[in-house]
Amino acid sequence: MNDRTPDARRRFLQRAAAAAGTLLVAGCERLSHSEWFTKVLSAGETASAAVAHAVTSRASMAQEFTEADRSPTFRSNGTAEPNNDAYQALAVNAFADYRLEVGGLVAQPARFSLTELRALPSRTQITRHDCVEGWSAIAKWKGARLAALLEAVRPKPEARFVVFHCADPMTEEGADFYYESIDLEDAFHPQTILAYEMNDAPLPIANGAPIRLRVERQLGYKHAKYVLRIELVESFAKIAGGKGGYWEDRGYQWFAGI
Amino acid sequence: MQHAIADRPGPRGHLYYRHTLPVRIMHWTNVVALTILLMSGLQIFNAHPRLYWGKSSYTGAPPVLEIGMKGGDGADWAGVTRILGHEFVTTGVLGLSRFPSGEPSARGFPWWATIPDNPWLSLARSWHFFFAWVLLVNGVAYVAHSTASRHFARDLVPDRGDWRSLGQSIRDHLRFRHPVGEAAKRYNVLQKLAYLVVIFGLLPLIVLMGIAMSPWMNSALPGWVDVVGGRQSARTIHFIVAWLLVAFVLVHVFEVVVSGLWNHLRSMITGRYRISTEESHERPNA
Chain A
887 MNDRTPDARR RFLQRAAAAA GTLLVAGCER LSHSEWFTKV LSAGETASAA
937 VAHAVTSRAS MAQEFTEADR SPTFRSNGTA EPNNDAYQAL AVNAFADYRL
987 EVGGLVAQPA RFSLTELRAL PSRTQITRHD CVEGWSAIAK WKGARLAALL
1037 EAVRPKPEAR FVVFHCADPM TEEGADFYYE SIDLEDAFHP QTILAYEMND
1087 APLPIANGAP IRLRVERQLG YKHAKYVLRI ELVESFAKIA GGKGGYWEDR
1137 GYQWFAGI
Chain B
-2 MQHAIADRPG PRGHLYYRHT LPVRIMHWTN VVALTILLMS GLQIFNAHPR
48 LYWGKSSYTG APPVLEIGMK GGDGADWAGV TRILGHEFVT TGVLGLSRFP
98 SGEPSARGFP WWATIPDNPW LSLARSWHFF FAWVLLVNGV AYVAHSTASR
148 HFARDLVPDR GDWRSLGQSI RDHLRFRHPV GEAAKRYNVL QKLAYLVVIF
198 GLLPLIVLMG IAMSPWMNSA LPGWVDVVGG RQSARTIHFI VAWLLVAFVL
248 VHVFEVVVSG LWNHLRSMIT GRYRISTEES HERPNA
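Going down the list, the protein sequences come from chains A and B.
Per our numbering, residue 887 is the first one in the first sequence, and the count goes up by one each step.
Per our numbering, residue -2 is the first one in the second sequence, and the count goes up by one each step.
Since the hints were derived computationally from the structure, they do not count as laboratory data.
Please note that a few of the clues may not be correct.
Unchecked claim - A partial selection of chain B residues facing chain A, derived with a Cβ cut-off under 7 angstroms:
1. 19
2. 53
3. 54
4. 57
5. 120
6. 123
7. 174
8. 211
9. 213
10. 216
11. 217
12. 219
Every residue, glycine too, gets a C-beta built ideally from N, C-alpha and C.
With the sequences and hints as input, model every part of the structure.
Structure representation (structure tokens):
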């Protein structure tokens, strides 16, 4: 090293740093696009889900807030106005003709009107909505307890997941409808509700009218809006992209507790 | 650091066995994990390049930090960064930057600072959480190893002499004077304090603030996140601590360079650090 002039050494270091930086960015790009490596990375999600479940009880409760904590406006993200004629026809009539269809692996498939959903045991909660993008907003929600609805239709023993099929298409052409799924632990959680009210008023269209899911221990994209149909399944591998949700099919984590 | 169990005379002093193999492996694991965590974290930040103080983002108060754009039609767009109400034009780096192709891009941090380089939140999260586990496991292993091997007690906890030399050590650092000979075998007091603050302060804090952002982990003990002001405060602290760690690394690398880059690099790769035999105020490897 001592035979080098300080200038040569500086140039060498600058080049080495630039080369290392370029290699790092280019290397990460290649890995990001390789299937095996993204599979390796998904071990992080598996570990997070396992540990999160291990250190909390099945019915650990999401934090609830006071009226004063509520956000002045509750942000609408994703779809604000479903591009779907059948949905718009229901909206014109204030969802009087809306029927929530519940089927799949259940002993007693059923359809629920909004009035029938309102008659089910309900829960009111002021909770924080955490978007995967990073922001949070707090609102008051009232809705039918999903546990009560499921008890009415009696899930079969082989049912493992609850899938929510929504009215909002995610493409301009009206295809790729939003959907989500949760496991039975979340489905029977006391705070998991089909919300029909937000901040003491009927749920606005921008926030998912007539009902949206609240699954309070997970990020916002799990909280399916515009729910039309609930399906109990043993596996979601055959539904759409097979990953259990619209965003999951596009690389997002199915376990959205972190 | 180890006792001089493998001292070997050399042409310009003797090699001293400074870093044990586990410490060397854990050091370089941290280099990789922290680099990826920073860059994937900046990509995640870019999905919503605003930071808030409080339980939610929408409290009526403006963000404490916001990176965005301002301007009208035409070419007068500018990248701007607002911190506590003060606005800075940061075109080229923050808010508005260019891809290597020259194509302008409206984004918080530029492509070269993020993993992946293009906006891709889901994959940035996969990178981030995987290496968060690497960092956590590595950190727990380091604390266990350093406790069991007495690395903490022997090398990192300042003794009475260290505290007495605090003033002298600050003066030495400001003049870029570094210990040589026998004194170079020990960490100086500022070095010990910096390492302890990082190991027992900044790293646990950034991990805890990461966990505080998890809605599921919030339910482990509802309300615990309010200790730091709420989830959005936790996100802000997470971001600030990330930059404090960057500041530590910059100072750390600077000190390594001015006190003998190759000697330090070798000692963190092979374990052996050269101690110059002549007592002088020259830099050991100048």
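Indices of hints not satisfied (ascending): 1, 7
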